[in-house]
Amino acid sequence: MKIALLQTGKTTDRNIAVLVDLYTNRIKKYSVFDVITLPDIKNTKNMPVQEQKSKEASRIIQFITDDDYLILLDENGKELRTLEFSKALEKMFFLTNKRIVFVIGGPWGFSEAVYARADFKMSLSKMTFPHQLVRLLFLEQLYRAFTIIKGEPYHHE
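Residue numbering for the sequence shown follows our numbering, beginning at -3 and increasing consecutively.
A hint or two may mislead.
Stated by the list, open to error - Here are the simulated BS3-like cross-link-like pairs (lysine-lysine), alpha carbons at most 25 Å apart as the crow flies: (1) Lys24 to Lys146; (2) Lys51 to Lys41; (3) Lys(-2) to Lys87; (4) Lys83 to Lys(-2); (5) Lys74 to Lys117; (6) Lys117 to Lys(-2); (7) Lys25 to Lys6; (8) Lys83 to Lys146; (9) Lys25 to Lys83; (10) Lys117 to Lys94; (11) Lys94 to Lys83; (12) Lys94 to Lys24; (13) Lys83 to Lys117; (14) Lys74 to Lys122; (15) Lys(-2) to Lys74; (16) Lys24 to Lys6; (17) Lys25 to Lys146; (18) Lys83 to Lys24; (19) Lys24 to Lys117; (20) Lys24 to Lys(-2); (21) Lys(-2) to Lys25; (22) Lys122 to Lys83; (23) Lys87 to Lys25; (24) Lys87 to Lys146; (25) Lys6 to Lys41; (26) Lys146 to Lys94; (27) Lys51 to Lys117; (28) Lys74 to Lys94; (29) Lys25 to Lys94; (30) Lys6 to Lys122; (31) Lys117 to Lys6; (32) Lys38 to Lys6; (33) Lys87 to Lys117; (34) Lys94 to Lys(-2); (35) Lys51 to Lys38; (36) Lys6 to Lys51; (37) Lys(-2) to Lys146; (38) Lys87 to Lys24; (39) Lys74 to Lys87.
Just so you know, the hints here were simulated from the structure itself, not pulled from any lab data. These numbers come from a predicted model, not from an experiment.
With the hints as constraints, model all of the structure from the sequences given.
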């Protein structure tokens, strides 16, 4: 199974970047896993929000294929407990031979075109987090889901 994380903008906080690399490497022990970082949209200070979302959507859509199973990490998505996420992920492995692509959008969320293409929307929390921290939180949860699937002692419940 191939999994990808598509994110907007580089991780500039060095402390977070170290942990992002740690969990990325841990995940690669379980699955083919790629992190695709799209460049930030430039000169957004006076750009309308819808235009920013549209430009970001164009970049996102060029990295996904019709065969990809697209999961948006979105504040309005479904909240899953860790065990539910691991079961859903395991089910995806068996039900599809598609690449699973998780997407973290920009600060304004996703355009309607990206929402229309999504197969599932998932929320990490009802709270708001900085985008760089969302990367780390998601990667840790993806790693944790793999350890649950494999019956390893990382998760305690």
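Each hint tested on the structure:
no., hint, verdict
1, Lys24 to Lys146, "holds (14 Å)"
2, Lys51 to Lys41, "holds (14 Å)"
3, Lys(-2) to Lys87, "holds (14 Å)"
4, Lys83 to Lys(-2), "holds (17 Å)"
5, Lys74 to Lys117, "holds (6 Å)"
6, Lys117 to Lys(-2), "holds (19 Å)"
7, Lys25 to Lys6, "holds (23 Å)"
8, Lys83 to Lys146, "holds (11 Å)"
9, Lys25 to Lys83, "holds (19 Å)"
10, Lys117 to Lys94, "holds (17 Å)"
11, Lys94 to Lys83, "holds (17 Å)"
12, Lys94 to Lys24, "holds (17 Å)"
13, Lys83 to Lys117, "holds (16 Å)"
14, Lys74 to Lys122, "holds (10 Å)"
15, Lys(-2) to Lys74, "holds (23 Å)"
16, Lys24 to Lys6, "holds (20 Å)"
17, Lys25 to Lys146, "holds (11 Å)"
18, Lys83 to Lys24, "holds (19 Å)"
19, Lys24 to Lys117, "holds (23 Å)"
20, Lys24 to Lys(-2), "holds (10 Å)"
21, Lys(-2) to Lys25, "holds (12 Å)"
22, Lys122 to Lys83, "holds (21 Å)"
23, Lys87 to Lys25, "holds (19 Å)"
24, Lys87 to Lys146, "holds (14 Å)"
25, Lys6 to Lys41, "holds (19 Å)"
26, Lys146 to Lys94, "holds (21 Å)"
27, Lys51 to Lys117, "holds (20 Å)"
28, Lys74 to Lys94, "holds (21 Å)"
29, Lys25 to Lys94, "holds (19 Å)"
30, Lys6 to Lys122, "holds (24 Å)"
31, Lys117 to Lys6, "holds (23 Å)"
32, Lys38 to Lys6, "holds (13 Å)"
33, Lys87 to Lys117, "holds (16 Å)"
34, Lys94 to Lys(-2), "holds (8 Å)"
35, Lys51 to Lys38, "holds (10 Å)"
36, Lys6 to Lys51, "holds (17 Å)"
37, Lys(-2) to Lys146, "holds (17 Å)"
38, Lys87 to Lys24, "holds (19 Å)"
39, Lys74 to Lys87, "holds (17 Å)"
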